[in-house]
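Below are the chains, spelled out letter by letter.
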Amino acid sequence: MKSRITDALRASRADYTDIRLEHTWATAIVFRGSRLEGASSGEEVGGIIRCLNRGRGWGIASFTGVDQLPAMVARAHELSLAMPVDQPVRLGEIPILQADHVADLDGDVRGIPLGDKRALLERLNQEMLGVDRRIVDSHSTYEDRVTERWVATSEGAVLSELRPSVRVAAAAVAREDSSLERATESWSARGGWRSVEAADHPFRTAARRAIALLTAPRMRAGIYPVILDPRCMGALMHQAIGHLSEADALAIRPDADQLMRPGRRIASDLLTVGDDGSAAGLPGSNAFDDEGAPTQNTLLVQHGVLVGRLHTRETAGRAGTRPTGNARATSFRHLPTARLTNTYVANGRGTLDDLVRGIRFGVYCCDALGGQAHLGRFSLASGWGQIIRDGHLAELVKPVVLAGDLADTLQRLDAVAGDFRWSHLASSCTRGAPGNGRLSVADGAPHVRIDGATVGGESA
Amino acid sequence: MIIPLLEQAARRTDQADLAWKTDETTTLSFIAGRPAFAMTSQGQGINLRVLVEGRQGVAGTSSDVPGNLLDLAVDAARAGDAITLLLPPGSAPLPSVVTHSPRAATATIADLGAIATLLRDRLAGERAEVNIIVERTLGSVHVANTDGLNAGYDISRVTVAIECSRLRDGRLITVPGHLSNADLPTLGEIEQLVATMRQRLLWAERDAEVAVGRQTVGFLPESASALLIPVEQALMGKATLHSSSPLARRRGSRTFSESFTLHDDPLAAGRPGSRPVDDEGVPSQRLALVEQGSIEGFIYDLETASRVGVPPTGHGRRATFGKPHAAFSNLVVAPGEGSWTELLVALGDGLLVQTLRGDGQGNVSGGAFARVASLAWRVQGGEVIGLVPEITVAGNAHDLLGRIVALGRDVEWVGSRATPTIVVDGASVF
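Top line first, the protein sequences correspond to chains G and V.
Counting from 1, one number per residue, gives the positions in the first sequence under this note's numbering.
Counting from 1001, one number per residue, gives the positions in the second sequence under this note's numbering.
In case anyone wonders, no lab produced these hints; they're calculated from the structure.
Among these hints, one or two may not hold up.
Going by beta-carbon spacing under 8 Å, a handful of chain G positions derived as facing chain V [what the hints assert, rightly or not]: (1) S40; (2) G57; (3) S62; (4) F63; (5) T64; (6) V85; (7) Q87.
Note that the structure is predicted; figures quoted are calculated from it, not measured.
The beta carbon of each residue, even a glycine, is placed where N, CA and C say it ideally should be.
Construct the complete structure from the given sequences, taking the supplied hints into account.
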């Protein structure tokens, strides 16, 4: 493959050319209730080529298969020539690397019969359905994937990567009378079948929580002291800080660009947030991004002040800074855009107990069902909650919706514990340019406390 | 290529069917009125399903040679789900429908670029940044099975997406617009789009206070999906299997306002979901979903139809990978009689919504939605008085479609949905 790519690059007549090729093997199995909804596998090969010429814009060609590679390089060059521009595209400089990154396949999933994978998921799904007669439905999925990826540029970079990933996810639906509750759990690894077999899959946990939520009360609307668990805080930072730090989105949103201007205070001194595509073994980790730039740890917020952004080569070139290794694309059918990798909140001190102590009445928000942020406002639905009463965690409550002005809320962040952990390892992020879809990401945080956050719900 | 594959499949399996799709998309992107990139994207895929001893297996490949595709599908069937499928025979005649335009197929990059520059130049006086994407897709679809079916058709689709953005008082106001058809847009269609964009930008020059609480809300065609998506989900045949459709037991009974009629129409000429045959080989037909407020139909692919025990409706859709599933083709809401002036009068003191952000939160299968309106205007006394700040519009789509106070007489296509402006009473605005 390497010689085919380098031959095609040598033959290109464009001033700049890059090539990205992908070969993917994937399996997906789904159970709904006790019924197998589907079990399928597939293999896909394809690539994308980008060309740039002086005084011209990008010419791009994507294709399936690899036989057309030389013809597609010529096509991308022609398309670039058809796009005269008055403002030249300037690419941020990256180190020119040549390396092969081959991960441990950890019991190559491609050699495991589909029947064995189905049997494993069927057992987990049945365990979940069997927890209680009130579990009336389930949605269980198993996905595995092995990806071989090549990125090479006419500047001399030639990089390759072979890596496996596996994901198992559970959703349990509980019903009693007219009450219906759903709870989800998931697990994933940058590994293969050995990791799948060794893991303790949390299917029963999902079922037990769905049952417990049936009789849980709703939190009354109001302003309360709130503690966010690592999953909830991680999701909030991904949505509210992370996406507003993606430089290409800011380039076309002058209002967001102003809101996220470097040097602006957005939180109390206790909050430091970053994005680290170079962290070992996480869903958003890669040695290099989809433009061949090495990944890195980029600080976005330091002690409450905005300090950084996530760049592609083009946004870095425009801003006169260095690319951050965040150019990511869903597949060879898509252009790379500035996207999050593994977004984290830096550790503080102490434990959850330390944070809970001293709260007379408040709420502990766990996990996240979803959220959105637009400019300075956010809303986030937790997966479930727990009342905090007289310094102790008390009864379970149904999912809690937090909303409000982001900076106002984060200014009231008054404690960050020292119990950092990565989470949402099986989640994916769907933000991006039109048509650009899901990417593997992770987020991580310690427990944090906000001394007054707006909780939506039933009126007090 | 696909017939030898099916002949092999016939020897090793009880039944087999496949869809083979090819496409080539050319995209021109203009950012802030300037050329940004030109892209071509070529793809193809075969999705093969086999039945072995009553179990189905599916495999896909994007390679132009089937390779071990049949082996993969047979392996999948060994671990697959039990199902009885009645594959459509090859003898059924297919209806005639426009899916392809030779003029669009032969358009050059320069022809496509001319559409973008014409739009840019016509909107040059609007003090707005103009982003434009012009996209032309050419493709083919073949469906075949071991019961003798072998059908195919060609596709062309030209889509123009435009956004005019203006920064005013720290707020970025973005007015979107679009065109989509099998053929290149006509000059008249482009001028109509320009006129609409100018009108919306003009409305956005003044601000208006928003009134919170329950009120009359007009959903322009771009935002009507908030009302339609919950209904679409409830009309999926599969939702009746899982008891998750609130409409499942209401077939034949009046559920929505009498003015509301909804069809699935794969035979509409030149639209994104137009086709003579679905991806499982069932001939296309126009299907009544809601007739004068009464629930009349649900959509089924072969598998769901078999499980429910009803005839398939021709709504099988296949991607390269994964099992066939049911999907709507073109959804068409029948127009009403309201002129634009009459719609504004019907709105009274209300909200007119063009753009809703996000996919919505809440219990979608129950009909609930809550979306942020990023482009909406206050209407008072039959006039649009100004742009309102971003605000949440919420309600239950099933309830609101029972409280339609006016339907526009002009239908506008947004992707594969055609709707008039729908004015409903009692949506929550907060």
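Closer than 8 Å between Cβ atoms is the bar; does S40 of chain G clear it against chain V? Give me holds or violated. Since chain V brings a Cβ to about 5 Å from S40 of chain G, closer than 8 Å, the hint holds.
Please check whether V85 of chain G passes as an interface residue: C-beta within 8 Å of a C-beta belonging to chain V. Holds - the Cβ of V85 of chain G comes within 8 Å of chain V, reaching about 6 Å at its closest.
Do the numbers back the hint for S62 of chain G, that is, is its least Cβ distance to chain V under 8 Å? 4 Å, holds
Once the shortest beta carbon distance from T64 of chain G to chain V is found, is it less than 8 Å? 4 Å, holds
Interface restraint verdict for F63 of chain G against chain V (beta-carbon cut-off 8 Å): 5 Å, holds
Should the hint that G57 of chain G touches chain V count as held when the rule is a Cβ pair under 8 Å? Hint holds; G57 of chain G Cβ to chain V Cβ min 5 Å, cut 8 Å.
Close enough to count: is the Cβ of Q87 of chain G nearer than 8 Å to one in chain V? 7 Å, holds
Hint compliance for this structure: every hint is met.
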